[in-house]
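**Q** The primary structure of each chain is shown beneath.
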Amino acid sequence: MMIFAAVAYDEPQQRETVKIDESLFSRIGTGEKDAFCELYEQISNIVFSYALSLLRNREDAEDAMQETFLKIRSAAHLYVPMGKPMAWIFTITRNICLAKYRMKKRFTGVSVDEVKEPLDFSQIEDREDRIVLETAFEVLTEEECRIIILHAVSGMKHREIGELLRLPVSTVLSKYNRGLKKLRRELEEKL
Amino acid sequence: MRRIAESDIKNHVKAAVGQLTPAYAEAIWKQPVEQAVGDEWYLKDEKRYPIKAGKVVKLLASVAACLAVCFLPFQMIDHRTDATIYLDVNPSVELEINSRDKVLVANADNADGEIILEDMDLEHTDLDVALNAIIGSMVKHGYLNDAQKMILLSVDSKNDKRAEELRQQISHELNTELTSLLGAGAVLDQSVAATDDLKKLAEQYQITPGKALLLQRLIEENPNLDYAKLAKLPMNELISYLKQSGVDVRNYVHCTGDDLDDELEDLFDDDDEEDESDENEEESDEDESDEDEQDERDEEDDDD
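Chains as they are written, first to last, in our numbering: chain A, 1 to 191; chain B, 1001 to 1304.
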């Protein structure tokens, strides 16, 4: 696994769209609270949306996001600036979500995709915002939903989303466009 | 029914997620943490994803389906090319499809087309999915952008009725796609019969037989035009150049989509007030146009 990571990092680097000051990690590692708050402010919604798209449960996504930031604090001193901090953070979030998924399945015997309870988005005050997000989770496939939400929340390019989700860019583009069409069709009825 | 723009959807999603994301920074900072040493489970770049029970069943079903397909008589799968779809922007690509609108072969007709099709395995995909991916790739690579949003679509089929249906269907889809991705767009479309001579000509100039035919017809009626010069121009620049030469492309191809007339009108109106000196300047600017195009593509790629 580490070999894979090393090979991945040897590829020609393209800067991420989400521009994170990589010195924040060393500062967090030395206990600078301001650096941590700055990082949290900048990416918490991206981490949360990614966790939400993986776990499809708001409380679990909140837990996963908290845990991600705790692990970032734990490992910030190990971060090697390579121009791809989001890839490093997404690895942590993905591993935490995977662990949560396994844990949930072990204790309940029910997998996430078998629990089709509707997501609770009642705390979203704006009606249209709420309907759009609810509809996205209702009508889109998991990957379509993940790609559209990540693109909307982070502004990441489809190429970057492809790298983070390990999907070919053509697949990301195709799923994005198809998902958008489905979502638009539904929303034009609802809004 | 209310028309919803892509940007509106993205803004709503972003706002909704923003309202859901808790502000836990202070609370997290107060919690004690142990310093990681580097081999922690959460830092490992696992390739595995959560495999869900339903997915295992689906995976097995897919394998079974694949095996079943392998054992089907070869004749049962329609491998015959029923129609060929040619697309020219500057990248030129062609798709051979069967009677069920499945892509049999996807080919690039020039180097830009190869960039567009790079890493894309479009064989056996539905035509609409393939078109979707190709247009998305053209936008991603900057060949289609706010300044370049015209596509030449050419359809070749021995069945005239089928060619006409495909032409109308695809031009509508492309127009929808352009509108979705760029806010507006223009599709010029035509039916073609790609003869061997036309294919050779297209190969020589690294364009599709569709564009080769269009240029041939243009030259026949306007012998002052230069084939080689027209062949290397992207569609927007080609139409702009034709306008300056007093040629209305609408006499040669169909114009599809609500926005197309506006696009063409804009293009045809833009230059009305320009004097001949602009044309002379354009001649001298042509050598620089490749560099400018590349710069624009780079910028567009950054904005993607």
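Because the hints were derived from the structure by calculation, they are not lab data.
Given the structure is predicted, the values throughout are model-derived calculations rather than measurements.
Just to be clear, a hint being listed does not mean it is correct.
Partial list, derived from the structure: chain A residues whose beta carbon lies under 8 Å from chain B [claimed, not checked]:
#, residue
1, Lys-19
2, Ile-20
3, Asp-21
4, Tyr-40
5, Ala-75
6, Asp-126
7, Leu-173
Glycine included, each C-beta is placed from N, C-alpha and C at the ideal position.
**Q** For every hint, state whether the structure bears it out.
**A** To see whether the hints hold, each was checked on the structure:
Hint on A/Lys-19 is violated. Least Cβ distance to chain B is approximately 12 Å, over the 8 Å limit. Hint status for A/Ile-20 relative to chain B: violated, with the closest Cβ pair at about 15 Å, above 8 Å. Of the supplied interface hints, the one on A/Asp-21 is violated, with its beta-carbon coming no nearer than about 16 Å to a beta-carbon of chain B, more than 8 Å. The beta carbon of A/Tyr-40 comes within 4 Å of a beta carbon in chain B, closer than 8 Å, and the hint placing it at the interface holds.
Hint status for A/Ala-75: holds, given a least beta-carbon distance of 4 Å to chain B, under 8 Å. Taking 8 Å as the C-beta cut-off, the interface hint given for A/Asp-126 holds, the closest approach to chain B being about 6 Å. Of the supplied interface hints, the one on A/Leu-173 holds, with its beta-carbon coming within about 3 Å of a beta-carbon of chain B, less than 8 Å.
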